[in-house]
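Chains as they are written, first to last, in the numbering used here: chain W, 81 to 708; chain G, 80 to 304.
Treat the hints as calculated values from the structure; they're not laboratory data.
Computed from a predicted model, the values in this text were never measured in an experiment.
Fair warning: there could be bad hints in the mix.
To be verified - In silico EDC-like cross-links for lysine to aspartate or glutamate, where the CA-CA straight-line distance does not exceed 16 Å: (1) 415/W <-> 167/G; (2) 218/G <-> 234/G; (3) 83/W <-> 114/G; (4) 416/W <-> 112/G; (5) 416/W <-> 167/G; (6) 199/G <-> 89/W.
Stated by the list, open to error - A short, non-exhaustive set of chain W residues, derived as facing chain G with CB atoms under 10 Å: (7) 96; (8) 105; (9) 108; (10) 386; (11) 439; (12) 464; (13) 502; (14) 526.
What the hints assert, rightly or not - Over 12 Å on every C-beta distance to chain W, these chain G residues come out as not near it, computed from the model: (15) 89; (16) 99; (17) 102; (18) 118; (19) 122; (20) 158; (21) 195; (22) 220; (23) 258.
Cβ atoms here follow ideal geometry from the backbone N, Cα and C, with glycine treated the same way.
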Amino acid sequence: MRKLALKDEILMQIEKPARYIGNEVNAVMKNKEQVQVRFAMCFPDVYEIGMSHLGIQIIYDMLNKFEDVWCERVYSPWVDLDEVMRKEHIPLFALESQDPVKDFDFLGITIQYEMCYTNILQILDLSEIPILSKDRTEDDPIVIGGGPCTYNPEPICDFFDLFYIGEGETRYRELLDLYKDCKACGLSRKDFLKKAAMIPGMYVPSLYDVMYKEDGTIDQRILLEPGIPEMIEKEMVTDVSDTYYPDKPVVPFIKITQDRVVLEIQRGCIRGCRFCQAGQLYRPVRERSVEMLKHYAVEMLRNTGHEEISLSSLSSSDYSKLPELLDFLIENCDKKKINISLPSLRIDAFSLDVMNKVQDVKKSSLTFAPEAGSQRLRNVINKGLTEEVILEGARLAFEGGWTRVKLYFMLGLPTETEQDICEIAELCNKIAAVFYETVPKEKRTGRVQIVASTSFFIPKPFTPFQWASQRTKEEFLDKAYLTRTSIATQLNQKSIKYNWHEADVSVLEGIMARGDRRLNQVILKAYQKGCIYDAWSEYYKNDVWMQTFEECGINPDFYTTRERRDDEIFPWDFLDCGVTKEFLLQEWHRAKQETITPNCRMQCNGCGAARYGTGVCLEKREEACHEG
Amino acid sequence: MKVRIKFAKYGAVKFIGHLDVMRYFQKAIRRAEIDIAYSEGFSPHQIMSFASPLSVGHTSEGEYFDIEVNSFTTEEDVQKRLQSVMVEGFDILKVKLLSEGEGNAMASVAAASYLVSFKKEMSLPRDWKEHLLAFYNQKRIPVVKKTKKGEKEIDLKEGIYQLEIEEDAVYLLLDAGSGSNIKPGFVLETFFNMISFTLPEFPFHVHRIETYKRKVDGSLSALIS
Chain W
81 MRKLALKDEI LMQIEKPARY IGNEVNAVMK NKEQVQVRFA MCFPDVYEIG MSHLGIQIIY
141 DMLNKFEDVW CERVYSPWVD LDEVMRKEHI PLFALESQDP VKDFDFLGIT IQYEMCYTNI
201 LQILDLSEIP ILSKDRTEDD PIVIGGGPCT YNPEPICDFF DLFYIGEGET RYRELLDLYK
261 DCKACGLSRK DFLKKAAMIP GMYVPSLYDV MYKEDGTIDQ RILLEPGIPE MIEKEMVTDV
321 SDTYYPDKPV VPFIKITQDR VVLEIQRGCI RGCRFCQAGQ LYRPVRERSV EMLKHYAVEM
381 LRNTGHEEIS LSSLSSSDYS KLPELLDFLI ENCDKKKINI SLPSLRIDAF SLDVMNKVQD
441 VKKSSLTFAP EAGSQRLRNV INKGLTEEVI LEGARLAFEG GWTRVKLYFM LGLPTETEQD
501 ICEIAELCNK IAAVFYETVP KEKRTGRVQI VASTSFFIPK PFTPFQWASQ RTKEEFLDKA
561 YLTRTSIATQ LNQKSIKYNW HEADVSVLEG IMARGDRRLN QVILKAYQKG CIYDAWSEYY
621 KNDVWMQTFE ECGINPDFYT TRERRDDEIF PWDFLDCGVT KEFLLQEWHR AKQETITPNC
681 RMQCNGCGAA RYGTGVCLEK REEACHEG
Chain G
80 MKVRIKFAKY GAVKFIGHLD VMRYFQKAIR RAEIDIAYSE GFSPHQIMSF ASPLSVGHTS
140 EGEYFDIEVN SFTTEEDVQK RLQSVMVEGF DILKVKLLSE GEGNAMASVA AASYLVSFKK
200 EMSLPRDWKE HLLAFYNQKR IPVVKKTKKG EKEIDLKEGI YQLEIEEDAV YLLLDAGSGS
260 NIKPGFVLET FFNMISFTLP EFPFHVHRIE TYKRKVDGSL SALIS
């Protein structure tokens, strides 16, 4: 029987000990003597969050299909165990073997949001791996980062030996073979990293230096090793129907955030909303074949025993074979009493009909994401959703028996005025009015419930808004206040509930999102002062962060409120996400002119992703493709 | 048709709480493709009833639950199919098709037997065994038991059906009826308290050996006999 890394006494005194014992259904056990590479794959947040992430499941499954590799999982110990491990000097361990992470060949960390940066340091620290890449020795694992935040890896580049830019399915085999060869030849860690830098998609930050201008912006990047690439292009799966996908995902014992089978139906998005980073990074949109999806749906449900399946994509309504897939799922799931969950569907007659079949209308709510209150501002952000479409969707929904509507908006978008904010309240009011017009008095079981939520807009790299200035905390709060008071003046205000996101954490996220190498020291220092689990509001210490910026002599406004010049060199400009900077700049100008850009299926706008020769770029459109 | 399943829980999975054990078996039944019956309504759930919750940290070779099935192959087949989808730490020990009119697992539970072993590193008072026998041989053991509603005084002796001292462990047969359930840890804590001995944190390991129902003649028999 497996021996656990933690003693019974410890497991009995901490919350949810099942987070740390491994042994779940479909967890992969191998003989460590019979593998050549041991890979610890980490999601730097608590188990319930990390286990809900599809990307890790895909890579975990792929690496374990390689016979010479054993990939195991690592998550952030919760604060209670963190304290015990530090006190008793227990090194962080992987769930499957319960062996210390420091004995592995690789520690892979997926970086999904900026607010997990201090948790990365916790993982390294508890693993007893030197926090700074430059201090690591031949005995330490190679620390490799991946995921969306690596599209600006610079604020955390001192902590990683290597970043994998792009989708994980393509280059791991090559990287691991190189590692084995280097080990067999007795080459050093440094030699391996130099060679790895030559593999497409790999970024070794220690081989580059950055020079700054007097105004603090970047002057140029310097290559410290001859022959290494100046630009690093993202990795991308060209055929998403013939690639790795888990047929036996790990089934946790405890309830996790995403406690269901997740079927990723497509990657990318045709829509090109100008605030959305994912919409640019995963271009072009690539659909998985409906045959593949049917096969995996059946297999995954059979192998996990889950009672729910969820479709995953950035915009499920745009999947071309959605009716066929849903018919198949409804028929197969109904007799097995399996629920189907359909996030990210556009509200129209088709989706309401499907939802009516798979959900309890009385209990479920409908979600619209207009993102902005006015049509003017929706044109600025290129959100192709009109008031007419929203009100018509709401009318159909109310006729169908729904009484709860959720609405998502952003505050602080470029060019936003008070008028735009007031229109958020007016839109909510109009939706409520549609309910009272549509549903006769005798059929109402209560009043309609409209929940409006606002988040604060944070400009992200590789979006048309990467040049934009972010609003200050005070401005954010004023905007939330204005939203609240505008809603309070509406006729149907009693039917509208309003929630807003915290402002100070949005400021820090904005700093990190467009930060540069000078932030490494701030993150390290904030961690040393006890910042951890910044994504959890109960642990977020804004005053400590702000004090640390001051001590490091760094003005946070440089990263947030400053509007960038068109020709500024950004810290992430050496990465190529498939979409050109020229296209993004053109989109930034069009945004300021309130001009919308058609989606990829209507017309090719020449973003640059057509070079991959796959997905929507190959579809026949009425208009000719601008790219060669 | 109602089917009773007996299982063991040991090793790392002893840290899985009761609700999660139920969820684990719901998923296992789907993986094993057992033709379980579902409740009516918009969110149907499997018809399943667990005999007696086991505390986190305890192991057992006498756990039970009942399920309602639409069709049934054989006891061996169901056992084999369920066992094939278990993880280390859960073993399917027995499967029995219940006869009509048999009460469900939870309502049937009358008693449970336990082996409580002291941690090796723990130093017990030299004469603890004599003291424990004396404790057990009292006519009445009045104690205050904490319940959901508050505190009430009970006679602990009534809930202890049997107590035997082994090498470094104590065998206990205790009342496990709903409302009158006695936890093995409570018995020993009460005893050590009475002899004014302070126990360290997590002083012993509890292993459930069997869960019993009461037969018409008043005697106890295992839930699957």
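To see whether the hints hold, each was checked on the structure:
1. At roughly 30 Å between alpha-carbon atoms, residue 415/W and residue 167/G are farther apart than 16 Å, so this suggested pair is violated.
2. A distance of roughly 9 Å separates the Cα atoms of residue 218/G and residue 234/G; the hinted pair therefore holds under the 16 Å criterion.
3. Restraint check for residue 83/W and residue 114/G: the C-alpha separation of about 36 Å exceeds 16 Å, so the hint is violated.
4. For the suggested pair residue 416/W and residue 112/G, the alpha carbons sit about 10 Å apart, so the restraint of at most 16 Å is met.
5. Our distance criterion of 16 Å between C-alpha atoms is broken by residue 416/W and residue 167/G, whose separation comes to about 27 Å.
6. At most 16 Å may separate the alpha-carbon atoms for a hinted pair to count; residue 199/G and residue 89/W meet this at roughly 13 Å.
7. At about 8 Å, the closest approach between the beta carbon of residue 96/W and any beta carbon in chain G falls short of 10 Å, and the interface hint on this residue holds.
8. Proximity of residue 105/W to chain G holds as hinted, the smallest CB-CB distance being about 6 Å (cut-off 10 Å).
9. Proximity of residue 108/W to chain G is violated relative to the hint, the smallest CB-CB distance being about 12 Å (cut-off 10 Å).
10. Checking residue 386/W against chain G: minimum C-beta separation of about 7 Å stays under 10 Å; hint holds.
11. Given hint, residue 439/W at the interface with chain G, holds; its Cβ is 9 Å from that chain's nearest Cβ, closer than 10 Å.
12. The interface hint given for residue 464/W is violated, since its Cβ lies 34 Å from the closest Cβ of chain G, which is over the 10 Å cut-off.
13. Because the closest C-beta pair between residue 502/W and chain G is about 40 Å apart, greater than 10 Å, the hint is violated.
14. Here the hint on residue 526/W is broken, as its CB sits about 19 Å from the closest CB of chain G, past 10 Å.
15. Consistency note on residue 89/G: stated as away from chain W, yet its beta-carbon is not over 12 Å from all of that chain's, at 8 Å minimum.
16. With a cut of 12 Å on Cβ distances, residue 99/G falls inside the contact zone with chain W, its closest approach being about 5 Å.
17. The beta carbon of residue 102/G is not kept farther than 12 Å from every beta carbon of chain W, the shortest such distance being approximately 7 Å.
18. Some Cβ of chain W comes within 12 Å of the Cβ of residue 118/G; the nearest lies about 10 Å off, and the non-interface call is violated.
19. With a closest Cβ-Cβ approach of about 7 Å to chain W, residue 122/G is found to fall inside the 12 Å limit, against its non-interface label.
20. For residue 158/G, the shortest C-beta to C-beta distance to chain W comes to about 17 Å, beyond the 12 Å cut-off, and the non-interface label holds.
21. Once the 12 Å rule is applied to beta carbons, residue 195/G is consistent with being away from chain W; the minimum gap is 15 Å.
22. The non-interface label for residue 220/G is consistent with chain W: the shortest C-beta to C-beta separation is roughly 27 Å, beyond 12 Å.
23. Distance to chain W confirms residue 258/G as a non-interface residue, since its nearest Cβ pair spans about 27 Å, more than 12 Å.
Of the numbered hints stated above, those contradicted by the structure are hints 1, 3, 5, 9, 12, 13, 14, 15, 16, 17, 18, 19, listed in ascending order.
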